[in-house]
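Participant: One line per chain: the protein sequences are B and C, in this order. Going by numbering that gives the first Met the number 0, 183 is the number at position 184 of the first sequence; the sequence numbering is gapless. Going by numbering that gives the first Met the number 0, 114 is the number at position 115 of the second sequence; the sequence numbering is gapless.
Derived by calculation from the structure, the hints in this document are not laboratory data. It is possible that some hints are incorrect.
Some but not every residue of chain C turned toward chain B, in silico, with C-beta under 8 Å [claimed, not checked]:
(1) Phe-20
(2) Arg-22
(3) Ile-24
(4) Leu-40
(5) Gly-52
(6) Phe-64
(7) Phe-184
(8) Leu-200
(9) Tyr-205
(10) Val-210
(11) Tyr-214
Pairs of lysine to any residue, SDA-like flavour, derived with a Cα cap of 20 Å [stated by the list, open to error]:
(12) C:Lys-62 - B:Leu-57
(13) C:Lys-67 - B:Lys-238
(14) B:Lys-26 - C:Trp-188
(15) B:Lys-272 - C:Ser-32
(16) B:Lys-272 - C:Tyr-30
(17) B:Lys-272 - C:Lys-62
(18) B:Lys-26 - C:Tyr-30
(19) B:Lys-272 - C:Pro-31
(20) C:Lys-67 - B:Met-250
(21) B:Lys-238 - B:Met-250
(22) B:Lys-238 - B:Asn-227
(23) C:Lys-62 - B:Glu-59
(24) B:Lys-272 - C:Asn-116
(25) C:Lys-67 - B:Glu-59
FRET-style restraints, in silico, Cβ to Cβ [stated by the list, open to error]:
(26) B:Leu-15 - C:Pro-207: 51 to 59 Å
(27) B:Leu-139 - C:Arg-275: 31 to 39 Å
(28) B:Thr-234 - C:Phe-74: 42 to 50 Å
(29) B:Gly-231 - C:Pro-207: 46 to 54 Å
(30) B:Thr-255 - C:Phe-184: 50 to 58 Å
(31) B:Glu-102 - C:Tyr-111: 25 to 33 Å
(32) C:Phe-184 - B:Ala-109: 57 to 65 Å
A virtual CB, placed ideally from N, CA and C, is assigned to each residue, including glycine.
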Amino acid sequence: MLGELVRFQSIRSRLLEVYASAYASMKIYFRYPMWFISDIVTTPLWIVIIFMPILLFLPESEWRNPEIIEAMYWGMIFLDLISLTLWGIGMSIRREQQQGTIEYLFITNASRAVIFSNRVFSRILSLLMDVAYIALIINLIFGVSITIVNPIELFVYLAISVLLALGLGMMYGAVVLYLKNPGALNNILQFIILGLGGIFIPPSRMPYPLNIVSLAIPFSYAIDLVRNAAMGTQTMIDKNLEIFILLVSTMASIITGRYILSKLEEVNKRSGKLGTY
Amino acid sequence: MRRRSIVRELQNNLLVVWAVFVRDITFWLRYPSWIFTFIALPYMFSGLFYGMGYALAGPSSLKNFASKTGTENAFLYYTIGSFILLFTELVLSDVSASIRSEQLRGTFEINYVTPTNKLVLWSAPVIPHGLMSSGIMIASTLPVVIIEAGKLDPVNFFIAVMVLFLGILPLLGLGMVMAALTMRFKEPWAVINMVRVILYLLSGIYYPLTVLPEYLRYMAVVVPPNYMVDILRDLLIFQRKVILSDYRILALFILSSIYLILGFSLYRRWEQNARRTGEISKY
Numbered sequence: 000m001l002g003e004l005v006r007f008q009s010i011r012s013r014l015l016e017v018y019a020s021a022y023a024s025m026k027i028y029f030r031y032p033m034w035f036i037s038d039i040v041t042t043p044l045w046i047v048i049i050f051m052p053i054l055l056f057l058p059e060s061e062w063r064n065p066e067i068i069e070a071m072y073w074g075m076i077f078l079d080l081i082s083l084t085l086w087g088i089g090m091s092i093r094r095e096q097q098q099g100t101i102e103y104l105f106i107t108n109a110s111r112a113v114i115f116s117n118r119v120f121s122r123i124l125s126l127l128m129d130v131a132y133i134a135l136i137i138n139l140i141f142g143v144s145i146t147i148v149n150p151i152e153l154f155v156y157l158a159i160s161v162l163l164a165l166g167l168g169m170m171y172g173a174v175v176l177y178l179k180n181p182g183a184l185n186n187i188l189q190f191i192i193l194g195l196g197g198i199f200i201p202p203s204r205m206p207y208p209l210n211i212v213s214l215a216i217p218f219s220y221a222i223d224l225v226r227n228a229a230m231g232t233q234t235m236i237d238k239n240l241e242i243f244i245l246l247v248s249t250m251a252s253i254i255t256g257r258y259i260l261s262k263l264e265e266v267n268k269r270s271g272k273l274g275t276y
Numbered sequence: 000m001r002r003r004s005i006v007r008e009l010q011n012n013l014l015v016v017w018a019v020f021v022r023d024i025t026f027w028l029r030y031p032s033w034i035f036t037f038i039a040l041p042y043m044f045s046g047l048f049y050g051m052g053y054a055l056a057g058p059s060s061l062k063n064f065a066s067k068t069g070t071e072n073a074f075l076y077y078t079i080g081s082f083i084l085l086f087t088e089l090v091l092s093d094v095s096a097s098i099r100s101e102q103l104r105g106t107f108e109i110n111y112v113t114p115t116n117k118l119v120l121w122s123a124p125v126i127p128h129g130l131m132s133s134g135i136m137i138a139s140t141l142p143v144v145i146i147e148a149g150k151l152d153p154v155n156f157f158i159a160v161m162v163l164f165l166g167i168l169p170l171l172g173l174g175m176v177m178a179a180l181t182m183r184f185k186e187p188w189a190v191i192n193m194v195r196v197i198l199y200l201l202s203g204i205y206y207p208l209t210v211l212p213e214y215l216r217y218m219a220v221v222v223p224p225n226y227m228v229d230i231l232r233d234l235l236i237f238q239r240k241v242i243l244s245d246y247r248i249l250a251l252f253i254l255s256s257i258y259l260i261l262g263f264s265l266y267r268r269w270e271q272n273a274r275r276t277g278e279i280s281k282y
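Model the full assembly from the supplied sequences, consistent with the hints where possible.
Facilitator: Spelled out as structure tokens, the structure:
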């Protein structure tokens with residue numbers, strides 16, 4: 000009885016932390032409406048800047064090929080998803096360091112993962128808007144309509160992908176705690192995942208041995224399942240096996256992320272480097 | 000008497016520049032991971048676009064690429080583009096970044112009780128950052144330029160470096176406009192983000208401007224990196240000669256004076272306004 004009460008209290012307090020974190024994040028996001036306007040203005044421009052150098056390799060007649068444009072669209076969504084966790088968690092830690100508030104957060108008993116994921120909440124809102132908005136812009140620029148073959152499956156795969164990216168974000172956040180300046184590492188990590196994680200280039204089209212490296216990165220399976228649910232493309236390996244790999248790697252990523260975050264917090268506390276930046 | 004005070008002011012400003020130089024180099028060396036970023040990023044961008052294009056289009060990809068850009072050397076084409084992108088990004092956001100970090104650390108107002116020239120103080124970080132990053136980027140991209148372009152004409156290389164230095168001026172002017180926005184709106188990244196994406200779109204860093212609609216090509220006339228990247232590609236990929244009276248160099252000079260005057264006057268105005276209304280201590 001007492002055990003159950005303690006567990007209930009613990010879940011309740013964790014939910015309160017999530018609520019407080021999400022509330023703070025949304026409050027900051029809506030305090031600066033320019034961010035919203037900026038997203039609206041810059042998204043179509045980024046699409047041109049990112050798509051055009053790739054399209055230059057294709058004959059002009061292929062520039063409006065729905066298969067290519069749709070694959071690039073889902074690549075863009077994934078890019079958004081990965082950067083939301085990397086920038087969300089990494090920059091959140093960096094900002095608390097710079098504002099001199101990180102030590103105060105560490106004397107609370109709140110979950111570090113929840114506290115530092117606060118920016119992720121507002122960025123998820125922005126991601127959801129992007130899914131619809133980028134599709135609209137692609138339709139206007141390239142005349143290609145984004146269709147979804149299986150919306151429910153797509154939603155599930157995207158949700159799992161967010162969790163997978165969160166685990167990675169926590170590992171990255173832990174490294175930020177240790178290394179302090181996240182910008183450089185963030186850019187490099189993002190490029191490695193983009194280039195080798197099958198986000199824009201499916202592993203089957205990569206040269207050996209890059210395709211093998213790509214298969215070792217869980218994001219390859221996540222984007223492959225997303226493409227399968229959205230565009231009806233063939234999966235790289237058996238679909239059930241891919242789902243299994245994705246679920247296992249998501250769990251592993253979250254457990255590892257939490258472990259590394261708490262370990263490096265301990266190391267920092269012991270060495271007195273927590274408050275320095 | 001007046002001459003002596005001008006010399007003294009110059010001396011003081013140089014001391015400010017030196018102090019900022021020492022401080023920022025210390026910060027940079029404290030977080031050396033940035034050095035790796037500047038070495039790696041031009042290659043990462045180029046490799047990513049090249050890989051994606053090749054994966055999509057197969058063996059005919061380079062022919063398609065050449066029909067639009069005039070060269071089959073896609074890797075070098077993108078490396079130069081990425082170089083200009085990073086360079087522009089750095090100079091453009093440096094001034095406002097230095098103001099914003101002072102605001103966040105609570106040290107911004109303290110600078111205003113010192114007799115330093117604030118324009119010099121806020122724009123001085125461009126010198127150490129520009130020198131460090133362009134030095135590292137030049138050193139890292141030079142091997143690929145030599146290998147890919149076959150031979151490197153030292154005169155062309157010298158002109159390319161001069162163009163980079165000239166390009167700092169209009170970008171610094173635009174950086175001051177951003178700094179003015181930071182002073183005015185406090186959380187400036189949203190506005191800065193918009194301005195820089197528009198600049199990148201119209202710069203032709205990753206594609207020739209001919210692929211854009213005509214009205215956008217007209218707008219690109221006022222975008223400095225457009226000329227920088229065009230001259231650098233002429234010098235390093237096509238091995239063409241660029242003379243000092245080239246219209247693009249002239250355009251960079253004209254844009255430098257326009258943006259520097261605009262940037263400094265806008266900054267002065269909003270700074271004075273912020274001091275009068277007490278906005279300076281808020282963030």
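Participant: Taking the hints in turn, state whether each one holds.
Facilitator: The hints, checked one at a time:
no.	hint	in the structure
1	Phe-20	violated, 19 Å
2	Arg-22	violated, 15 Å
3	Ile-24	violated, 15 Å
4	Leu-40	holds, 6 Å
5	Gly-52	holds, 3 Å
6	Phe-64	holds, 5 Å
7	Phe-184	holds, 7 Å
8	Leu-200	holds, 5 Å
9	Tyr-205	holds, 4 Å
10	Val-210	holds, 6 Å
11	Tyr-214	violated, 14 Å
12	C:Lys-62 - B:Leu-57	holds, 9 Å
13	C:Lys-67 - B:Lys-238	violated, 40 Å
14	B:Lys-26 - C:Trp-188	holds, 17 Å
15	B:Lys-272 - C:Ser-32	holds, 18 Å
16	B:Lys-272 - C:Tyr-30	holds, 15 Å
17	B:Lys-272 - C:Lys-62	violated, 54 Å
18	B:Lys-26 - C:Tyr-30	violated, 32 Å
19	B:Lys-272 - C:Pro-31	holds, 18 Å
20	C:Lys-67 - B:Met-250	violated, 46 Å
21	B:Lys-238 - B:Met-250	holds, 19 Å
22	B:Lys-238 - B:Asn-227	holds, 9 Å
23	C:Lys-62 - B:Glu-59	holds, 12 Å
24	B:Lys-272 - C:Asn-116	violated, 35 Å
25	C:Lys-67 - B:Glu-59	holds, 9 Å
26	B:Leu-15 - C:Pro-207: 51 to 59 Å	holds, 55 Å
27	B:Leu-139 - C:Arg-275: 31 to 39 Å	violated, 45 Å
28	B:Thr-234 - C:Phe-74: 42 to 50 Å	violated, 32 Å
29	B:Gly-231 - C:Pro-207: 46 to 54 Å	violated, 35 Å
30	B:Thr-255 - C:Phe-184: 50 to 58 Å	violated, 40 Å
31	B:Glu-102 - C:Tyr-111: 25 to 33 Å	holds, 28 Å
32	C:Phe-184 - B:Ala-109: 57 to 65 Å	violated, 32 Å
The structure is inconsistent with the numbered hints 1, 2, 3, 11, 13, 17, 18, 20, 24, 27, 28, 29, 30, 32, although it conforms to all the rest.
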